[in-house]
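Residue numbers (our numbering), protein chains in the order written: chain A, 1 to 108; chain B, 1 to 875.
Warning: the hint list may mix true and false statements.
Said to hold, decoys possible - Just some of the chain A residues that point at chain B, by a computed CB distance under 7 Å:
id, residue
1, G26
2, A27
3, V30
4, R39
5, S42
6, L43
7, G44
Claimed, not checked - Each pair of labels, with its calculated beta carbon distance range:
id, chain 1, residue 1, chain 2, residue 2, range
8, A, I79, B, I88, 39 to 45 Å
9, B, I56, A, I79, 44 to 50 Å
10, A, T21, B, I56, 27 to 33 Å
11, A, R39, B, G47, 16 to 22 Å
12, B, H57, A, W99, 33 to 39 Å
13, A, T21, B, L22, 53 to 59 Å
14, B, Q412, A, I79, 32 to 38 Å
15, B, Q412, A, T21, 39 to 45 Å
16, A, W99, B, K44, 52 to 58 Å
It is worth saying that the hints were derived from the structure and are not from the lab.
Just so you know, even glycine gets a beta-carbon here, dropped at the ideal spot from N, CA and C.
Take a look at the letters that make up each chain.
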Amino acid sequence: MKGTYLGEFEEVVLLAVAIRTGDAYGATVVDEIEQQMGRTVSLGSVHTALHRLQEKGLVKSEFGGVTGERGGRSKRLYIVTMPGRRALEDIRQIRNQMWETIPEMAWS
Amino acid sequence: MKQTQRNRPIPPVWATLLLRLLCDAYLINELEDDLNQLFEQRVKSVGLRKARLRYIHDVLSLMRPSLLKVKSNSYPNLGYTGMLKNYIKIAFRNLAKNRTYSAINIFGLSVGMTTAILIGLWVWDEVSYNKSHQHYDRIARVMQHQTYNGVTNTTLATPLPMRAALQNEHANDFTYIASSSWTRDYVLSFGDKKISRKGNCVEPDFPLMFSLKMLRGTANSLASPTSALLSESVARALFGDDDPIDKIIRVDNKRHFKVAGVYEDLPNSTEFRDVSFLLPWHFFLEEEAWVKRSETNWGNNSFLLLVQIAPNTSFEQVNGKIANIKARHAKEEARFNPKAFLHPMSRWHLYSEWENGRPVRGRIQYVWLFGVIGAFVLLLACINFMNLATARSQKRAKEVGVRKVVGSRQSQLITQFFCESVLMAAIAFILAFSLVQILLPLFNRLADKQIVFPWYNVQGWLLGVGFTLVTGLLAGSYPALYLSGFRPISVLKGTLRAGRFAALPRQTLVVFQFTVSVTLVIGTLVVLRQIRHAKDRPVGFDRSGLLSVAINTDDLQNNADALFQDLRQSGLVMHVSKSSSPTTEVWSSDASFSWPGKDPGQLGDLGTVGVTHGYGKTVGWQLKRGRDFSPGFSTDHHGMVINESAAKFMGLKDAVGKRVDWNSEHYTIIGVISDVITGSPFMPIQPTVFMLKEDWASFIHIRLNPALNSRQAVGRLEGIFKKHNPGSPFEYKFASLEYDLKFSAEERIGTLSALFSSLAIFISCLGLFGLTLFLAEQRQKEIGIRKVLGASIISIWSMLSRDFVVLTAISCLIAIPIAFIIMRDWLEQYTYRTTLSWSIFAAAILGALVVTLITVSFQAMKASLLNPVKTLHDN
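For reference, chain A alone in the conformation it holds in the complex (with noise of 0.2 Å):
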């Protein structure tokens, strides 16, 4: 894996974004992560993440989504960036190259 590190938790959050694309932001982003991983995760966490993938470019931000929810305010919308969805590619195929290069003796 070159590049970028990309650690287990930053991961996740980048999935998480992936999947509620258009509608990716702190809230929904944890809700997504707790639903699909049945784990608490915290707002702060998240929060941190998202930054530290931004400043990595694997995604980006803008303001969008006006929802009456919100007062009316427009929240910021994650989105996954090229570089992003290469990264999830490439944690994916060395994983899944590595799933295929395990011997069959190994689960006996």
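Chain A is already provided as a structure; the job is to place chain B on it using the hints.
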């Protein structure tokens, strides 16, 4: 809908507040929205209690540095430097808009700063005086207190046997002990070159004690009776670029010395600044018979004794041991209760006067005096600066209102006002700094100093910059902290009014300024009056056209008769004679005179001057009674002429013809002359006797022919002297110049205090000028309406001036008692002193009022002459 909203579950309020307090402003909305959304979801899914707990947990989880200080580039926020640039731009525009104000303000402050810097340099120089020697903190002068006629005198001259006694009995307490002769002029010659320089005869320890920096040769070579050490400048003057070592020089045309070393010139700020070469003590001992005789005489207090104490002891300890050394050794001296003590070198310069055995005054009082004056002048300038800045800023209330409406925060306004005032102070500092560079040479001349600007003194720079910042911040604090708090609505509607007492602080400051100025002016007037008073004192002899030549060579000594013959024949001189002291001083005194009716307890301590025939005519003294010495009376060799003070001291009503015993010889008083000022013109006259003592002579006095131009006459005298005294340059001193030197210390104080008080007045007036300018502008409309309604120019003028005149009058009332007390104390130190007359105070008050009126009137008249149509026109 409302109902549901009220019953809506609420997350913990404190957590929300905590978030708002600690998080970056632009993030708060986003985070809060996230928190609320999650909270609402969780209330539904896990219940209120858990949702609240999770909320708190989330808030706490957000308290991490990466979130607290996140910088956003998407939020419109000019960088701080950008805003600062804007403040500075606005500040410069403001300065340029009000040129007069800015000029007055900045110039006033920089004058104050200049004064403070100059005085600071002077004080620094005084305080560090004598401290350039490496061991200055262990070097001391042996001095002694002695009590005569109930008065304790303190002298720095000690008897010569003291040196041997210290060496024999307390050798362990001293690292070095060195006797020294007093500094005097010697004629040095090498080949054809002859120069006259000041030097000392010292013992071998002297160069080591003062750690002279040797450029050539060795410092401890004065043990040899034929070696001499020269300062670099003397070596250069005698030998140019040649190597001086081992060259032979002649001193006073009689003795030869080999140059054993060259040392770096001593700095200007040391006691021995005049000493430009050192001769062996041995020379002094051999050359002067009286010195040799004094080696065992505890009664002759005539020598300078310097010591460096050992590292393991202190001045106090040594003082305790040596106090009674003289009384122990010389029983006959014990009746004067002599007490020897060490005067540390670090205190020589500043603490040098004693009264009844206790240190009093000395130069330290001037250090304090000027230090305080400097601080006050600076304070005045700062007050001015603040006064004007505050007065100005009231005009800017509207600006504050508009800025606030447009969205300026209070912190931004505060920064802006501080920026402006600090900028002004900084400009003033730079100006002051340049002024100091320009004025320093002048100031050095005025104060008799060689101060170099301390470019590399970090502390000094820090102090200057720090001070500038503090002044700027203080001056800006009123507008910054007070104006910025205005509510924009009331400012813009014009309903904001300054309170009744808004002007009170400003008035107090004006009173303070004028109090200081008036006090300084009174002080200056008293000093100048005291100098005038002493100058008007009858001198007792005629100074004009009287000059003296020191007899410092054998040629002059031996050829005196032939020289006098030639002088008289030349027609250049009216009279010529010799004496043992200069005309303006008495160099020796003796305590063993007795006369009929003398109180046995009284000490017969009289100044003694040896003269030759014609001395009286030469100096032009005035006979009160009896007659002058005359060659016609052979008995005059045991005759005496005394001054009036001596007659009073002896208690003789009719002194002429009385017998005086001295040194087991009988003398008869033949004349009484009116007092001649020989010491300080501020002090009582020393009782003095004059005797015919040809062999004491050390000066030739010449009264020039008044019909001749004195410069030409001196030129021709030189030829005659060269003929009879070929080995030495012709050096002479005019009595009038010598006499004027006696005033130099007082005159220097007079000049400096006149300078400082005029600066103080100037700064105060500048401030007053600015204030009136401002007030007149502020009341422009009022003045216009008054004029329309028929007020006369005079009434408007008096309306504007009255306040300030009252303030000045109050300051005068405060200043008078202060000045009175201070100046009474100052005058106490002079025996011959002027009175603190009312005229001085009246003059100062009148002056202050007149200056105030002139300053104020200029603006007041301008304001009252304005056409009311113009001032009332705009709305």
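Among all the numbered hints in the text so far, which are the ones the structure does not match?
4, 9, 13, 16
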